[in-house]
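**Student:** As they're listed, the protein sequences go chains V and X. The first sequence begins at 610 in the numbering used here and counts up one residue at a time. The second sequence begins at 349 in the numbering used here and counts up one residue at a time.
One or more of the hints may lead you astray.
Straight-line distance between alpha carbons at most 20 Å, and here's what the computed PhoX-like set of lysine-lysine pairs gives [as the list claims (entries may be wrong)]: (1) X:LYS586 / V:LYS852; (2) X:LYS502 / X:LYS460; (3) X:LYS403 / X:LYS429; (4) V:LYS652 / V:LYS631; (5) X:LYS586 / X:LYS636; (6) X:LYS350 / V:LYS852; (7) V:LYS852 / X:LYS636; (8) X:LYS350 / X:LYS586; (9) X:LYS460 / X:LYS586; (10) X:LYS502 / V:LYS631; (11) V:LYS719 / X:LYS460.
Calculated directly from the structure, the hints in this document are not laboratory data. Computed from a prediction, not measured in an experiment: that's the story for all the values here.
Listed below are the residues making up each chain.
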Amino acid sequence: MSVLVDDDTRVVVQGITGGEGKFHAEQMMEYGTNIVAGAVPGKGGQEAAGVPVYDTVREAVEEENADTSVIFVPPAFAGDAVFEALDTDLDLAVAITEGIPTQDMARVNKRLSETDTRLIGPNCPGLITPGEAKLGILPGNIFAEGNVGLVSRSGTLTYQVVDSLTNRGIGQTTAIGIGGDPIIGTDFVDALELFENDDETEAIVMCGEIGGEDEEEAAAYIDDNVETPVAGFIAGRTAPPGKRMGHAGAIVSGSGTGTAESKINALNDAGVPVGDTPEEVADRIEEFLG
Amino acid sequence: MKLHEYQAKQVFADAGIPTPESQLASDVDGVLTAAQEIGYPVAVKAQVQVGGRGKAGGIELVDDDDEARDAADSIIGMDLKGYRVDQVLVEEAVDFTDELYVGITMDRGEGKPVAMVSTRGGVNIEEVAEEDPEAIAREHVDPSFGMHPYQARKAVYDAGVDRAVARDVSNVLMTLYELWENRDGSDAEINPLMVTSDDEVIAADAVMNIDEDALFRQPELAEMEEEAASGGDELEQKADEYDFDYVRLEGNTGIIGNGAGLVMTTLDLVDHYGGEPANFLDVGGGAKADRIANALDMVFSDDNVDSVVFNIFGGITRGDEVARGINEALEQFDEIPKPVVVRLAGTNWEEGMEILNEDLVTVEQTLEDAVQRAVEYAEEVNDQ
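Chain V with its partners taken away, still in its complex shape:
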């Protein structure tokens, strides 16, 4: 089973004529993703990665029945690109772009609440349903089909944990990288809900990091709503207070919330074991699956 994406998903790539857009459109197609069009203002009528390019997302939807967008648009224009995706009532928009100004995302977030489109990202690796489709930049070869759902705020950490799972013969239903920015679309709680409602997902990995309170909220949600066993990992246990560690969200305020300790405690209290290393997370999942 798949969560959010499968081999019928009809994808338009916004920014398909750019270097990253073209490279990853080809990688996605090679993986089996059904990319039907590109959308790049001023490039309508051209072809890129073997699919027709339209000036607007709306044309791609009308001409090619696209229902999902993957966005590889530079940060200065990416906020606008997400608005465009939301304006065409797509089922799903995945924003890969890193470095979108936070105020732009606050406005996107407001618009998002008025539409039925689901947004993943921005500043995320995307999502993958192994064997069916991948949307984004995840390296397809490390994933395997199986019954573990994975949600993570960090792209490369996702790869690390998936690698540990796949090496033990444990495959994944879907892996979702939600991104580490302060304002994102789909969050932990949304992803946990999707996995909880998916019949194929028998265990869940949740990878968080310091900063913000999303993991604490997710822990409360798990406590009340999630029957599927969850194992967690929190990056940044050794980060000193007050220092920003890359992600905009990854700063420890020093006021007690947002620290690795408070997140680990919250998860433990909700019955979620948290591994000290990615291998320990895989150990817990192995135990869950018996």
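Based on these hints, arrange chain X on the given structure of chain V.
**Tutor:** Just chain X, lined up with the frame of chain V:
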């Protein structure tokens, strides 16, 4: 990016927020001239990007030339929490009856801007927020409309600000929001906003943090950043030049990786295996060979570093590019200054392994093995 107090005050003053008369000085003569022109008493305030300057001896109130000279002598050139003080702001001392707090920030939980007002200004507002959250009035703003004047008034009334100054304080709050919005602020704060005995309000301090991701559309502020970059940790300055996310830490195992979460995980594993991280260095996504070489150069130039672990899990980043960068950086040495352990996985890792010059580095297949090996190397150096 954080503006200096004097820069933020200039931005606020230009927008119409009342600020005390002040001048920037960088030596004793400059302080004396400024103080005489403004008229005693004045405050001499260190211009460094750290909080708690007052407690650390970075702010002094002076009444005459002798005191001004002493303050200038002790503050200019001092080390304030790791930053050398090169400049001070000499500022008219405001005679106040009340100290308020006003601020705008992004509430990431709500995904919306929030305006805050409190009558408990002049103190550490984070402590107030912790101990007595009710003492801070909060008003969330719809980012697509901006703040309405009624919202500013509501926050001011809710906070219990004296009626005599309520109108002026809400005007300051409106202006602060517009600045925050137009200048792509992440935080804009005035603490304290002083109330004088004549019922005037005046911004005695000014904090303006700018969203780094929006600097492309804030060219004036980007110029200020260059100005503000003087002083501070040499390595962190170098990281700015190379455009790395870098944080210097206390330990001796250097760490380079791609992606914030994975680099933090590498730090945590160094700690887990008994070592101490010397730094956080994220090369970001899609790094090419020259960027990898710069990263190694950075970590090598930290005297505390005894070994280096490279942890790359390629998605958008390609293993062959990383390997080329590592070779490029190391081949220039007759003798490698510090042992380097490399772990490559993900996109093009096999091509990378073929390219990597294994005479120059230690290769490990897993993250755990790589970290343990780097910690061992660091310990060996320490034992010598």
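**Student:** Quick check: which numbered hints come out false for this structure?
**Tutor:** 7, 9 and 10
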